[in-house]
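Taking our numbering, the leading residue of the sequence shown gets 190, the next gets one more, and so forth.
Please note: incorrect hints may appear among the correct ones.
Cβ pair distances, simulated, as ranges [as the list claims (entries may be wrong)]: (1) S392 <-> G421: 39 to 47 Å; (2) S266 <-> A483: 41 to 49 Å; (3) T297 <-> D217: 24 to 32 Å; (4) A425 <-> A281: 41 to 49 Å; (5) R211 <-> P282: 22 to 30 Å; (6) R211 <-> A483: 28 to 36 Å.
In silico lysine-lysine, DSS-like type, Cα no more than 30 Å apart, as pairs [unchecked claim]: (7) K381 <-> K456; (8) K456 <-> K446; (9) K381 <-> K446; (10) K446 <-> K257.
Treat the hints as calculated values from the structure; they're not laboratory data. All C-beta atoms, glycine included, are put in the ideal place defined by N, C-alpha and C.
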Amino acid sequence: MRLGQGAPAARILAFGGYQPARVVTNDDLAARIDTSDEWIQSRVGIRERRIAGPEESEIDLAVQAGGKALAASGLSSDDIDLVIVATCTPEAPIPNTAGRVAHRLGVTAPGAYDLNAACAGFCYALAAASDAVRTGSATNVLVVGSEKLSQWVDGDDRSTAVIFADGAGAAVVGPSDRPGIGPVAWGSAGDKADAIMIKDRSSFLHQEGQAVFRWATTSLHPVARLACERAGVDPADLAAFVPHQANLRIVEAIARKIGADKAVVAKDIVLAGNTSAASIPLALSRMIERGEVASGGLALLLGFGAGLTYASQVIEIP
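Required output: the full structure, derived from the provided sequences and hints.
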């Protein structure tokens, strides 16, 4: 018998998303800093975003999204044996977020770890979850992307304050008799790491917007196409394209280049802002809730951001 013989494939059973209650509009920001609704929408496509209160942590957001995904999956907390939280904004590095999220959701003694690939974090974590199920290391995995970016953003810096926001998205990954999560195409560009960074503990998030825009619009569509190739999927057959919600202009530019002409393109950034690792599962959970995508259709995910890191895979929509 060969190692791994008879191991199952993996699929996503359900998604869940959560946003804080506080809505911050472009006009709200314009009352504080030198900007306007027209300026923000023309450059990044955002109309409003959600900001967590001082009493809400990225753990609280993760618990809300994870609980929704777990409920939608039809599983109980007892069925989960691995929890992965993708985040670049933990309250503290120790203890990790995943263990505390698992405890609050009633998941007993799971494997639990955090993963920091910034805005590509959910796709990285999804690949890790899929591999864990396929190799038999886990049966059912809760994957959460959760960020409280507002605590690392200078509210007076219009280059970042208008873009970044808070939220969480989650997915439950389980076994399947056929693949529901395609092979990941991933990588990094460490030579460009300074383009998005928090220099030290006393610094705010810094982003070189034009450099990131050029990189994203010229370098990432081949990664998305490679993910389709590895999954054996023609981009023309995709039902949805769900990239990281970094900037509406970036989203639309990449969508034009991958040839997914029939796909519904996620544009959650308009009402959610850039929520880093949370943006892909949050966007897809809302698309499912609104009936914009159907169960069984194929969606192409593409995460990219600080590091610079990137990752893409094709999934079957639950």
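Against the structure, the hints come out as follows:
1. S392 <-> G421: 39 to 47 Å: holds, 44 Å
2. S266 <-> A483: 41 to 49 Å: violated, 29 Å
3. T297 <-> D217: 24 to 32 Å: 43 Å Cβ-Cβ, so the 24 to 32 Å window is violated.
4. A425 <-> A281: 41 to 49 Å: holds, 46 Å
5. R211 <-> P282: 22 to 30 Å: holds, 27 Å
6. R211 <-> A483: 28 to 36 Å: holds, 33 Å
7. K381 <-> K456: With Cα atoms ~26 Å apart, K381 and K456 stay inside 30 Å; holds.
8. K456 <-> K446: Judged against 30 Å, a Cα distance of about 16 Å means the pair holds.
9. K381 <-> K446: Roughly 23 Å between the alpha carbons, so the hint for K381 and K446 holds.
10. K446 <-> K257: violated, 34 Å
Taken one by one, the earlier hints fail for this structure at numbers 2, 3, 10, listed in ascending order.
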